[in-house]
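> Chain order of the listed sequences is A and B. Letter by letter, the first sequence follows residues 0 to 465 of numbering that gives the first Met the number 0. Letter by letter, the second sequence follows residues 0 to 213 of numbering that gives the first Met the number 0.
Read the hints as simulated data drawn from the structure, not as lab findings. Quick reminder that beta carbons are idealized off the backbone N, C-alpha and C, glycines included. Please note that the accuracy of each hint is not assured.
[To be verified] Each computed EDC-like pair below joins lysine to aspartate or glutamate, with the alpha-carbon atoms no more than 20 Å apart:
| no. | chain 1 | residue 1 | chain 2 | residue 2 |
| --- | --- | --- | --- | --- |
| 1 | B | K14 | A | D298 |
| 2 | B | K14 | A | D355 |
| 3 | A | K26 | A | E160 |
| 4 | A | K397 | A | D430 |
| 5 | B | K14 | A | E303 |
| 6 | A | K26 | A | E161 |
| 7 | A | K26 | B | E4 |
| 8 | A | K441 | A | D355 |
| 9 | A | K53 | A | D43 |
| 10 | A | K30 | B | E192 |
| 11 | B | K14 | B | E4 |
| 12 | A | K53 | A | D40 |
| 13 | A | K26 | A | D43 |
| 14 | A | K30 | A | D44 |
[To be verified] Below, a sample of chain B positions facing chain A; criterion: calculated Cβ distance under 10 Å:
| no. | residue |
| --- | --- |
| 15 | V9 |
| 16 | V52 |
| 17 | A56 |
| 18 | V60 |
| 19 | R63 |
| 20 | G105 |
| 21 | A113 |
| 22 | S129 |
| 23 | H140 |
| 24 | L147 |
| 25 | G174 |
| 26 | G198 |
Chain residues, written in single-letter form:
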Amino acid sequence: MAQNPLPFYERVEQALNDAQLQAALQKAAGKFDLARMRAWDELDDVVAMRDRAKGVKAHTLAHLDRYLAQLAAALRAAGGQVHFAADAAEVQAIVTGIVRAAGHDLVVKSKSMTSEEVGLNGALAAAGVRAVETDLGEYIIQLAGETPSHIVAPAIHKSREEVAALFSQVAGRPLADADIPTLTAVAREELRRQFLAAGVGISGVNFAVAETGTLVTVTNEGNGRLVTSVPPIHIALMGMEKAVPTLNDLMLLLELLPRSATGQTITSYVQMVTGPRRAGEVDGPEQLHLVILDNGRSDLLGTEFEESLQCLRCGACLNVCPVYRLIGGHAYGGVYSGPIGAAQSPLLFGQRDFADLPQASTLCGACRDVCPVRIDIPRMLLALRRRQAEGTAVSAEKIAFRAYSQITRKPGRYRAAVRLGGAGLWLWARDGRIRRGPGPLKGWTRVRDLRPFARRPFLGRRKDEG
Amino acid sequence: MNESEFLQRVRERVKGGVSHPGAFSHPVRTLPDDLLAEFGERLTAVGGQVHVVADAAAARVAVRDILGGRAIRRAVLSGHEILAEMEMEQLLARLGVEVVEVEGVGGTAVSAIAQADVGLTGVEYAIAASGTLVMAASPHHPRAASLLPPLHIAIARQNQLLPDLAALARQLAGGMPSGLALITGPSRTADIEQTLSIGVHGPGEVHVVLVSAA
Numbered sequence: 000m001a002q003n004p005l006p007f008y009e010r011v012e013q014a015l016n017d018a019q020l021q022a023a024l025q026k027a028a029g030k031f032d033l034a035r036m037r038a039w040d041e042l043d044d045v046v047a048m049r050d051r052a053k054g055v056k057a058h059t060l061a062h063l064d065r066y067l068a069q070l071a072a073a074l075r076a077a078g079g080q081v082h083f084a085a086d087a088a089e090v091q092a093i094v095t096g097i098v099r100a101a102g103h104d105l106v107v108k109s110k111s112m113t114s115e116e117v118g119l120n121g122a123l124a125a126a127g128v129r130a131v132e133t134d135l136g137e138y139i140i141q142l143a144g145e146t147p148s149h150i151v152a153p154a155i156h157k158s159r160e161e162v163a164a165l166f167s168q169v170a171g172r173p174l175a176d177a178d179i180p181t182l183t184a185v186a187r188e189e190l191r192r193q194f195l196a197a198g199v200g201i202s203g204v205n206f207a208v209a210e211t212g213t214l215v216t217v218t219n220e221g222n223g224r225l226v227t228s229v230p231p232i233h234i235a236l237m238g239m240e241k242a243v244p245t246l247n248d249l250m251l252l253l254e255l256l257p258r259s260a261t262g263q264t265i266t267s268y269v270q271m272v273t274g275p276r277r278a279g280e281v282d283g284p285e286q287l288h289l290v291i292l293d294n295g296r297s298d299l300l301g302t303e304f305e306e307s308l309q310c311l312r313c314g315a316c317l318n319v320c321p322v323y324r325l326i327g328g329h330a331y332g333g334v335y336s337g338p339i340g341a342a343q344s345p346l347l348f349g350q351r352d353f354a355d356l357p358q359a360s361t362l363c364g365a366c367r368d369v370c371p372v373r374i375d376i377p378r379m380l381l382a383l384r385r386r387q388a389e390g391t392a393v394s395a396e397k398i399a400f401r402a403y404s405q406i407t408r409k410p411g412r413y414r415a416a417v418r419l420g421g422a423g424l425w426l427w428a429r430d431g432r433i434r435r436g437p438g439p440l441k442g443w444t445r446v447r448d449l450r451p452f453a454r455r456p457f458l459g460r461r462k463d464e465g
Numbered sequence: 000m001n002e003s004e005f006l007q008r009v010r011e012r013v014k015g016g017v018s019h020p021g022a023f024s025h026p027v028r029t030l031p032d033d034l035l036a037e038f039g040e041r042l043t044a045v046g047g048q049v050h051v052v053a054d055a056a057a058a059r060v061a062v063r064d065i066l067g068g069r070a071i072r073r074a075v076l077s078g079h080e081i082l083a084e085m086e087m088e089q090l091l092a093r094l095g096v097e098v099v100e101v102e103g104v105g106g107t108a109v110s111a112i113a114q115a116d117v118g119l120t121g122v123e124y125a126i127a128a129s130g131t132l133v134m135a136a137s138p139h140h141p142r143a144a145s146l147l148p149p150l151h152i153a154i155a156r157q158n159q160l161l162p163d164l165a166a167l168a169r170q171l172a173g174g175m176p177s178g179l180a181l182i183t184g185p186s187r188t189a190d191i192e193q194t195l196s197i198g199v200h201g202p203g204e205v206h207v208v209l210v211s212a213a
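With the hints as constraints, model all of the structure from the sequences given.
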């Protein structure tokens, strides 16, 4: 389910030529990463906490069947309804079924990557239900008809002027000169109306506590609280990897997620929902539904890629990635971008659509260094590359490497090849670089320059110097 | 896919045999006075305002000062006992602020609360390490009172302070409310050009009146 139909290299080209995006990415990535470092420094022993957090996640995934059953039982005991969905189509059917059965046609949503993953808004629209995104960034990109470009800051690529133009249409008055607080107030007013009118609130889930059946969302704007408190029905969507065993485990992960995402000690709001409104309470939803999604995740359990399911979706790996910092989220073509997206998209959504992503990495390891749960993303990207290479037929690259192996085995062959090849390569060089190589080298030089061999090889120089 | 097929599929694939690393806790620290100072520093750092007062009379002065000079016509109050102990209704009556009657349930109640200019509440706990208010939903404590009005004033006692999130987890061991909100400062966003903007969906101002006497 690639969302951008252009081939990967063309999406990259597009991003690199977008000056506004480039400026926004440089600003955001650096700012987020600095904030993360400062926030980690507040902790007495961040290394031990990260190790423990990884241990909790690894333990949970290794016993996920047990924790999902416990979560479902606890939430049902609190009056919630639990649904299990194998794939995107099942989530769509479950959610549209709940909304239509209750006779509602307006849904307010707080940020849910899972809902983006399964294309929920499209399915709701097809069922005649209007779904309004209420996170300010998500609202902006929904009005623009786009997709998120950063997991924490989805509208990072939009300028104030572009937002003002979009909001002018919604508000029905000119806002071209409005400053950012004014634009924020316009969104508050418009979305407040939607909150009070909506029949259903749909949220994501950052953590689901198995022992208590508690669904936790982490937000700064307060829309997460509104979505889960105001409409008569609340539907929460979670990927099955979001389960955590205990409240204590939850608190450990809460110490790490906001710090790693935005550098905050804690977000403005952490909402913990354990069932619908109880007897005597005047607000809160009458019905609470939890949809637990597989969508390819169970295939990763017990494999070398299981570790990718430990992800907290903080976005720290995006902010330090030399590739993400240049190409932004849209170039990755899917819902999850950056290093973790490069690993997960081909695993969850198909090697064919996302074949190029594991190559979109320098393997520098910065992502692994900043991951709060130390996911070894470079290891998985290499494993994906290996898998792809094993799966391909004889390619020009394979022939070239076989030839290379034959040549380098004998010193005579090697010296002859260096002389011949060295002279040959210079035919294509301009100013000491090959920008457009011949034949099979074209693919290589499309995205990088090739250096011809030195005119006097190193071995030749050694001989001259005696 | 039904539940048992779903769980069976997971059961067939999990590797099992990975032990839990054990419960986490922060290093023990802080005396009561330190908690108070830390709470104030933390909440102030994220744009909240803290008023430490010695007794009920001083709490009333603090609330009066917060409300003073604003166009406050209506207030919504949670049912926390501390509001009665501090005689907040009487104060609001003297200030000419109408107290919104929350009647009905669901949309009716929420619409009434949405009319208020200020939400006045107690708290269940306050967390020093992050400047966080902990609010539980219950029959007399609507979720919307700390959420919909543009101004939230919470009144807390010093003995409600907890050091950190791990301590909160211990307090919650007895059972979870249907809705528990951890609130740390005003509603905020940086979604337009990465510029901080306050009060996007929740309150734009959060004041905590902390009563330090036992």
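> With reference to the structure, classify each hint as holding or not holding.
Structure-based check of each hint:
| no. | hint | verdict |
| --- | --- | --- |
| 1 | K14(B) to D298(A) | 12 Å, holds |
| 2 | K14(B) to D355(A) | 30 Å, violated |
| 3 | K26(A) to E160(A) | 18 Å, holds |
| 4 | K397(A) to D430(A) | 30 Å, violated |
| 5 | K14(B) to E303(A) | 11 Å, holds |
| 6 | K26(A) to E161(A) | 18 Å, holds |
| 7 | K26(A) to E4(B) | 47 Å, violated |
| 8 | K441(A) to D355(A) | 17 Å, holds |
| 9 | K53(A) to D43(A) | 17 Å, holds |
| 10 | K30(A) to E192(B) | 13 Å, holds |
| 11 | K14(B) to E4(B) | 18 Å, holds |
| 12 | K53(A) to D40(A) | 19 Å, holds |
| 13 | K26(A) to D43(A) | 29 Å, violated |
| 14 | K30(A) to D44(A) | 23 Å, violated |
| 15 | V9 | 4 Å, holds |
| 16 | V52 | 25 Å, violated |
| 17 | A56 | 31 Å, violated |
| 18 | V60 | 28 Å, violated |
| 19 | R63 | 27 Å, violated |
| 20 | G105 | 6 Å, holds |
| 21 | A113 | 7 Å, holds |
| 22 | S129 | 4 Å, holds |
| 23 | H140 | 8 Å, holds |
| 24 | L147 | 8 Å, holds |
| 25 | G174 | 8 Å, holds |
| 26 | G198 | 7 Å, holds |
Checked against the numbered hints given earlier, the structure breaks hints 2, 4, 7, 13, 14, 16, 17, 18, 19 and satisfies all the rest.
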